[in-house]
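Enquirer: Keeping their order, the protein sequence lines are chains A and B. Numbering that gives the first Met the number 0 numbers the first residue of the first sequence as 0 and each following residue consecutively. Numbering that gives the first Met the number 0 numbers the first residue of the second sequence as 0 and each following residue consecutively.
Treat the hints with care, since some could be wrong.
Said to hold, decoys possible - Only pairs whose alpha carbons sit at most 20 Å apart, straight line, appear in this in silico DMTMM-like list of lysine to aspartate or glutamate:
no.: 1; chain 1: B; residue 1: 301; chain 2: A; residue 2: 70
no.: 2; chain 1: B; residue 1: 188; chain 2: A; residue 2: 97
no.: 3; chain 1: A; residue 1: 133; chain 2: B; residue 2: 304
no.: 4; chain 1: B; residue 1: 183; chain 2: A; residue 2: 97
no.: 5; chain 1: A; residue 1: 88; chain 2: B; residue 2: 281
no.: 6; chain 1: A; residue 1: 136; chain 2: B; residue 2: 196
no.: 7; chain 1: A; residue 1: 88; chain 2: B; residue 2: 304
no.: 8; chain 1: A; residue 1: 136; chain 2: B; residue 2: 236
no.: 9; chain 1: A; residue 1: 88; chain 2: B; residue 2: 179
no.: 10; chain 1: A; residue 1: 133; chain 2: B; residue 2: 196
no.: 11; chain 1: A; residue 1: 126; chain 2: B; residue 2: 180
no.: 12; chain 1: A; residue 1: 88; chain 2: B; residue 2: 284
no.: 13; chain 1: B; residue 1: 188; chain 2: A; residue 2: 70
no.: 14; chain 1: A; residue 1: 133; chain 2: B; residue 2: 284
no.: 15; chain 1: A; residue 1: 88; chain 2: B; residue 2: 191
no.: 16; chain 1: B; residue 1: 176; chain 2: B; residue 2: 267
no.: 17; chain 1: A; residue 1: 136; chain 2: B; residue 2: 311
no.: 18; chain 1: B; residue 1: 21; chain 2: B; residue 2: 33
no.: 19; chain 1: A; residue 1: 1; chain 2: A; residue 2: 124
no.: 20; chain 1: A; residue 1: 136; chain 2: B; residue 2: 221
no.: 21; chain 1: A; residue 1: 88; chain 2: B; residue 2: 180
no.: 22; chain 1: A; residue 1: 88; chain 2: B; residue 2: 303
no.: 23; chain 1: B; residue 1: 183; chain 2: A; residue 2: 99
I should point out that these hints are in silico values taken from the structure, not numbers from a laboratory.
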Amino acid sequence: MKEFEPKIIAFLCHWCSYAGADLAGISRIQYPPNIRIIRVPCSTRVNPLYIFKALQNGADGVLVSGCHPGDCHYLSGNLVARRKFALLKNFLSDIGIEPERVQFSWVSASEGERFARIVEKVTADIKKLGPARKLVKSDF
Amino acid sequence: MVPSWQERTCESVGVKTEEIEKQLRKAAERLLREKKVDLFIGYGPSTVPGRTSPVFITDPKDAEKLIWNEFCSINLANYLPRYFGGDLNNRKSSLPNVGLAAKGCDGRAAVVLINENQVPRQNLYIVGISCEGMAELINGKPEKLENCRECSYPAPPVYDELIGDKKISPGKTPRFKRIEEFRKKPVEKRWEYFQREMSKCIRCYACRQVCPTCYCRECFTEETRPRWQGVSSEVSEVIYYHLGRLFHQAGRCVDCGSCSRACPVGIDLRLFLQGLAKDVKDLYDYEAGLALDQSPPLAVFKPDDLQGFITEP
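If we strip away everything but chain B, and leave its shape as in the complex, we get (with noise of 0.2 Å):
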């Protein structure tokens, strides 16, 4: 039973929900019968209002269960590595087929995932959604998130059915351009605005845990020997977090926005990491999750890179 808020009714992010849903049940329905994956996992109703909750269905009849609305904004990816632990060569036939109900961000975390070898590609068989933009309730009002504005690529990248356009038009706002503008700021005001947003931070590590990239068994943050990280509340140690955190995703960062939602006390977490993609992106031609078999780009090399950073007598 989906509640009266979360019926089709945003006119102002123009997502045809009902299509989608249909489409996306059947799917589902279908895949569970056939055998063809174990488990699905999509979107479906949350008690709180303007989110949805992730689900995992294994019966066919569950399907019905499955949602589509503008307020499928968490990343699913985040769920992938957990049904693929240990060592992928000796347990191949004892793994799951897992579906996945994607959207353009939810693929490219899964293309990243598959590249990285948390996730067989024959094991997982991605539903892909042409997303047009998911929002978030603001005073009531459902407001088109930041990163959907900014988003490049709305259809998953690689997919194994597409469900809706695949020709989808990007997001209005040009990707980079806050970053361009914050870095003509000097240097002292970068800093304020950088020290101001981590002061507030309290250590939950949402960002972490609802990152799809962030899958390490252990993360430096606990890591005793060495001990990179303290523990106390000091501002020092809240940005050395943040610093590894946001450096670990250099290159590999699909630009989801999970974190920046999930985080509790509002930081301002994709600017940094923006910063980092449009390096990449400038500096070696490589956008994270856009195609399978790409190599990490801080793994390999080209004879001319730049070296303009390198200190000369």
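With the rest of the complex left out, here is chain A (with noise of 0.2 Å):
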């Protein structure tokens, strides 16, 4: 019976996060493989409609990454994303969604080992929920 290894779905601002993820790629630090990226200019730019949406077409989490506040390329995109994301932890964990399922983090640019540190946290940390099945939505 093979382990379960979790979807988990990343966006990542391009400035910082996802220059971060390549900088692990590139020191071929080790890291699990299951997160499926996709860049986006900025963290604000995470709209919570992605993230239910993530959820309902089968992924088991959501990892949402962006600059460190003050670093942020666009000035204050992610400071304003960091109040709606705080809301929305705390919503997701109100209708009964482990709050593990949906992580936010800051990830530099320079800080390659640490993104590949906080993948392994949240990989680990969907493995131990299991498969997500609460918002998922059937395939016919």
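Since each chain sits alone in its own frame, please combine them into the complex, following the hints.
Expert: Put into structure tokens, the structure is as follows:
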């Protein structure tokens, strides 16, 4: 019986987190291959509707990663996003989605190792929870 | 001619209806006669027991149609955006002046609409009414509405004239008690409750239609590029609609309870909206509709906003 391998959608901001992930790749840092990366210009670009859609279409987890506060390429995108994500996290927890399924992080472009460790942590968290069934819509 | 079941009887709610009704009719008649407003929106009798209907009065003589009793629960601010459509900067001169009979929740909803540039302040005349709580008929008996029992702001915070006592006492039940209790439950129990409520939904969209802050010309549910919302009655699609709508109310919902009341199958929407309102209040010290020129909480930021939720390796 194969071990459960979660599918995690990762929304990475182009200027920091995506570059950090790229650095992790170039440095040949090993990390779990469960994430599917979607590059966005800024973490604020991530509409909560995308996260609901990811969970609806079968993602076991979602990771949204942006620049550190103060370092946003667009100056304040991640600061506005921070509020949105805080409310979203509590809202999902209220309706009964396990809080570890949707996670947010700050990763800068030079933090390849940190990115790998965050992905490790998120993958481990979601593996423990098992496949996501709650919001999934049927295929037919 | 007011039907007998709507006459001033409700001792259990304690609403002093006669005096308020008299003053409201006088105010509406005066405003229309002096042409301070072109249209006055208030409550009139309904054909259904325990309900009122909205009335839209343009003639001062029709001010007699206005009523006030313990069943005036619908949120009249819902009707405001339609009179002010279009580019506000170019069409200010042709916009009507609208008078509104506003309880606390109606007044707060009007303030949210003004802050979001849907209604110009100078075209709106708010006749505020200190509300002692509204009721609905349950098994023929009037019962005070749940959101009125928990109401923190029974008088509208912004008004042009006020009928009733400005210092009216808020509702007795603590407002966030139910959501605090709910959050103590384990995750699976919360999901079970949410899923059970959602499985009742028939996607009539009454909740969205009756909500004063749901005024988008194209709602995300009708958007086809991209297509967010499927049309099937599958529970997953139903939940998606509610997740979208409820999250869009974060920091904007004034807890008037219209959505829960309009729902034909009785879904407990207020609980999840209260969760969002509680977080906005605790995290960002903001409550919707309390003052003009308030910046929406999700459009601004503070450098020291809490970020304990951020994942660290």
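Enquirer: A separate judgement is required for each hint: does it hold in the structure or not?
Expert: Results of checking the hints against the structure:
1. A distance of roughly 15 Å separates the Cα atoms of residue 301 of chain B and residue 70 of chain A; the hinted pair therefore holds under the 20 Å criterion.
2. Restraint check: the Cα-Cα separation between residue 188 of chain B and residue 97 of chain A comes to about 11 Å, which is no more than 20 Å; the hinted pair holds.
3. For the proposed pair residue 133 of chain A and residue 304 of chain B, the alpha carbon gap of about 31 Å is over 20 Å, so the pair is violated.
4. For the proposed pair residue 183 of chain B and residue 97 of chain A, the alpha carbon gap of about 14 Å is at most 20 Å, so the pair holds.
5. Distance restraint check for residue 88 of chain A and residue 281 of chain B: the Cα-Cα separation of roughly 15 Å lies within the 20 Å cut-off, and the hinted pair is therefore satisfied.
6. Between residue 136 of chain A and residue 196 of chain B, the direct Cα distance comes to roughly 17 Å. Compliance with the 20 Å bound is thereby established for this hinted pair.
7. This hinted pair checks out: residue 88 of chain A and residue 304 of chain B have alpha carbons roughly 15 Å apart, not beyond 20 Å.
8. Taken as a hint, the residue 136 of chain A and residue 236 of chain B pair is honoured in the structure, with Cα atoms around 7 Å apart against an allowance of 20 Å.
9. The hinted pair formed by residue 88 of chain A and residue 179 of chain B meets the criterion: a straight-line CA distance of about 16 Å does not exceed 20 Å.
10. A threshold of 20 Å between alpha carbons decides the hint, and for residue 133 of chain A with residue 196 of chain B the separation of about 14 Å falls inside it, so the pair holds.
11. Taking the CA atoms of residue 126 of chain A and residue 180 of chain B, the gap is about 29 Å. The hint is violated against a cut of 20 Å.
12. Distance restraint check for residue 88 of chain A and residue 284 of chain B: the Cα-Cα separation of roughly 18 Å lies within the 20 Å cut-off, and the hinted pair is therefore satisfied.
13. As the CA atoms of residue 188 of chain B and residue 70 of chain A are separated by approximately 40 Å, the hinted pair breaks the 20 Å bound.
14. This hinted pair does not check out: residue 133 of chain A and residue 284 of chain B have alpha carbons roughly 32 Å apart, beyond 20 Å.
15. A C-alpha spacing of about 18 Å is found between residue 88 of chain A and residue 191 of chain B, which places the hinted pair at or below 20 Å, so the restraint holds.
16. Between residue 176 of chain B and residue 267 of chain B, the direct Cα distance comes to roughly 15 Å. Compliance with the 20 Å bound is thereby established for this hinted pair.
17. Restraint check for residue 136 of chain A and residue 311 of chain B: not satisfied, since their Cα atoms lie roughly 31 Å apart, outside the 20 Å limit.
18. For the suggested pair residue 21 of chain B and residue 33 of chain B, the alpha carbons sit about 18 Å apart, so the restraint of at most 20 Å is met.
19. Between residue 1 of chain A and residue 124 of chain A the CA atoms are separated by roughly 18 Å; this keeps the pair inside 20 Å, and the hint holds.
20. For the suggested pair residue 136 of chain A and residue 221 of chain B, the alpha carbons sit about 19 Å apart, so the restraint of at most 20 Å is met.
21. Proposed proximity of residue 88 of chain A and residue 180 of chain B is supported: the alpha carbons are some 18 Å apart, at most 20 Å.
22. Using a Cα cut-off of 20 Å, the hinted pair residue 88 of chain A and residue 303 of chain B holds, with the two alpha carbons roughly 18 Å apart.
23. A C-alpha spacing of about 17 Å is found between residue 183 of chain B and residue 99 of chain A, which places the hinted pair at or below 20 Å, so the restraint holds.
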